[in-house]
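Visitor: For the protein sequence lines, the chains are A and B, in the order given. Position 173 (the first sequence) corresponds to 172 in numbering that gives the first Met the number 0; numbering is contiguous. Position 303 (the second sequence) corresponds to 302 in numbering that gives the first Met the number 0; numbering is contiguous.
Hints are computed from structural coordinates only; laboratory data are not their basis. Cβ coordinates follow ideal geometry from the N, Cα and C atoms, glycine included.
So, partial list: chain B residues that the calculated Cβ filter (under 7 Å) puts toward chain A:
| hint | residue |
| --- | --- |
| 1 | 380 |
| 2 | 382 |
| 3 | 428 |
Below, a list of computed lysine-lysine pairs in the DSS-like style, where the Cα atoms sit at most 30 Å apart:
| hint | chain 1 | residue 1 | chain 2 | residue 2 |
| --- | --- | --- | --- | --- |
| 4 | B | 61 | A | 205 |
| 5 | A | 243 | A | 145 |
| 6 | B | 443 | A | 18 |
| 7 | B | 294 | A | 198 |
| 8 | A | 183 | B | 58 |
| 9 | B | 58 | B | 31 |
| 10 | B | 332 | A | 198 |
| 11 | A | 94 | B | 443 |
| 12 | B | 332 | A | 205 |
| 13 | A | 141 | B | 443 |
| 14 | A | 219 | B | 61 |
| 15 | A | 18 | B | 270 |
| 16 | A | 36 | A | 18 |
| 17 | B | 61 | A | 183 |
| 18 | B | 443 | A | 134 |
| 19 | B | 332 | A | 183 |
| 20 | B | 443 | A | 37 |
| 21 | B | 148 | B | 364 |
| 22 | B | 252 | A | 183 |
| 23 | B | 148 | A | 205 |
| 24 | B | 332 | A | 239 |
| 25 | B | 443 | A | 136 |
| 26 | A | 94 | B | 270 |
| 27 | A | 205 | B | 144 |
| 28 | B | 252 | A | 94 |
| 29 | B | 443 | A | 36 |
| 30 | B | 443 | A | 17 |
| 31 | A | 5 | B | 443 |
| 32 | B | 31 | B | 42 |
| 33 | A | 243 | A | 36 |
| 34 | A | 183 | B | 48 |
| 35 | A | 44 | B | 443 |
| 36 | A | 143 | A | 239 |
| 37 | A | 44 | A | 136 |
| 38 | A | 134 | A | 37 |
| 39 | A | 183 | B | 42 |
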Amino acid sequence: MAEALKVPTMAEYMAEGKKPEVLFWVGCAGSFDDRAKKITKAFVKLLHEAGVDFAVLGTEESCTGDPAKRAGNEFLFQMQAATNIEVLNGYEIEKVVTACPHCFNTIKNEYPALGGNYEVMHHTQFLKTLLNEGKLKVEGGKFKGKRITFHDPCYLGRANGEYEAPRDLLRKLEVELVEMRKCKSNGLCCGAGGGQMFKEPEPGNKDVNIERTEQAMEVKPEVIAAGCPFCNTMMTDGVKGTNKEDSVAVMDVAELIANAHDL
Amino acid sequence: MQIIAQVLFLIALVAGIGFFVRNIRRVLRNIKLGREVDRTDNKGERFAKMARIAFGQSKMVKRPVSGLLHVIVYVGFVIINIEVLEIIIDGLFGTHRILSFMGGFYDFLIASFEILALLVLIGVIVFWIRRNILNIYRFLSRELKGWPKNDANYILYFEMVLMVLFLVMNATDYQLQLNGAPHYASEAGIVGSFPISQFLLPIFDGMSNATLIIIERAAWWLHILGILFFLNYLYYSKHLHILLAFPNVYFSKLQPQGEMDNLQSVTDEVKLMMDPDADPFAAPAEEEEGADPAKFGASDVFDLNQVQLLNSYTCTECGRCTAECPANQTGKKLSPRKIMMDTRDRLEEVGDIINTKGKYEDNGKQLLDDFILREELWACTTCNACVEACPVGIDPLSIILDMRRYLVMEESAAPNELAIAMTNIENNGAPWPYNQQDRLNWAKEN
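Just chain A, same shape as in the assembly (with noise of 0.2 Å):
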């Protein structure tokens, strides 16, 4: 049995006088879903690899309250953003990174208008910049000259026009990146966004995560590479829809390169 993760709390910082260097802020698939769990696990193993100063809020850290949101609960969004504001700023917190879009998204766009002003980042441009400081070492390893393709989450490319990140990622694991037709601003939704992620999707012909996953297929990968808990969900559903789960797998950038180097 591997021995369980180091991982600091805001509170214990606070208790040593001490400020850590980014807050990672897990969100609540990375904190409660199984699947989602591994990724958060895999990304703090990579912190501590890079040496990186952080810490999460653990049980502090609620909602950021983007499902309820965009649902059109303005009303439970701004409660939920002004208490997490109360914690982040009662912490002086100014730098967050987050595997999430969605909590990224909404922490970076949305609450500088409640007042809270930080600087975030996606943990795929947070990892970019580890390695071009040299602090964290990626190339090749286990996936290197696998076929795989980058499914953009919505929240992360149109919503904020990042592509790059997790590409310069996979590239540095020397994979065959291939593209789908659908990808960058053009990228096809999971299905999750918007509140869908909690409720039956409307009738139709089929599920969103089943045509993403068609279009996946189409360029024949090994491993379809995700940047958001809930596009991971989604497409590891499709591709279990397919009978292909024993071919192809689902895995978050950050997992990636964890597994590429056997952390």
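Use these hints to put chain B onto chain A, whose structure you have.
Guide: Using the frame of chain A, we list chain B on its own:
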């Protein structure tokens, strides 16, 4: 005789432009029924965006076939307006090709108009084939039945006729100049250059000057009357985009697409709730005299902001939004294009009531349910594909979100599973029913 033609021309011009101005004022009045929104910031960035997207057509060419054809028709339309200027001057003063004093440059202008007219003609014919013969997904949606489909075709027929008239006018004019007919012939020799219409000359072979003049005048009059009619057709048509695309892009959102506005009215309430010094028994702050109580979200066009209403008038019904919409692609009822068309249809209905009764009187209808269905609203994944796809900066997502806000905050009408997720967020700080105290458990698991 000549003076009568000039007077008739003046009357047609004044009537055409006057009616157009009246209709544009109606559009502006209707747009102003919406809530005010401040988009006067970052003028430089807004101008640059307008130059790039509306004037430069940068998003049109994302779909190369229709994009390129559109650019041809658009450039043709813009440049041929110089010819319209000449027609207006000639019409008012009874002159012939008044701009021909420019000599060689004039020849170049007329030649380029002719080439553009031919290209426009070809473009419009291909457009017609795409719409009516090729089964293109975007043109088959249920919201495109009836008027929207006919409207698109009428415009195409119209442009075909206008371009043919232009070429016939030039051909007969050229023949008359060759014949040395009075009024047409110039001391400077042949004015204008006719690389396309010269091939029409055999049609007019052997005709007398009198017949040629009748054909030339008929083509000239029909051409300019057609243009005036077209100008006034705009108001009733999706073709209004040729004017509104510019302000629409100018006033479009500059923030990242993922950023959705924070409702100020909600912020005020939340602040009050979280303020430990607030007196829970205090009387509510006095509202302004006659002010409506704040309504959360939108159920009708009056609740939308002016940019959203401008968006609806700008929509060309091209359906690029709908073609990219993941919900629509998987057979769900949502079509962002229909959201825009419904918004405009409802706004037009409201406008008609104001036109006939002087002010808006409730007709028992509203945008929600009577036009846009709840099922459509709940199918949206907020993925922004529709916003990205729109070549003129329309944001259907903002309307969907505002209507969801009304459903949730005014009617508590969220789908049951979403209501449960919201309750979970409220009670546990997560959309799933897990205790907030368990948030760090993952760190202890192997």
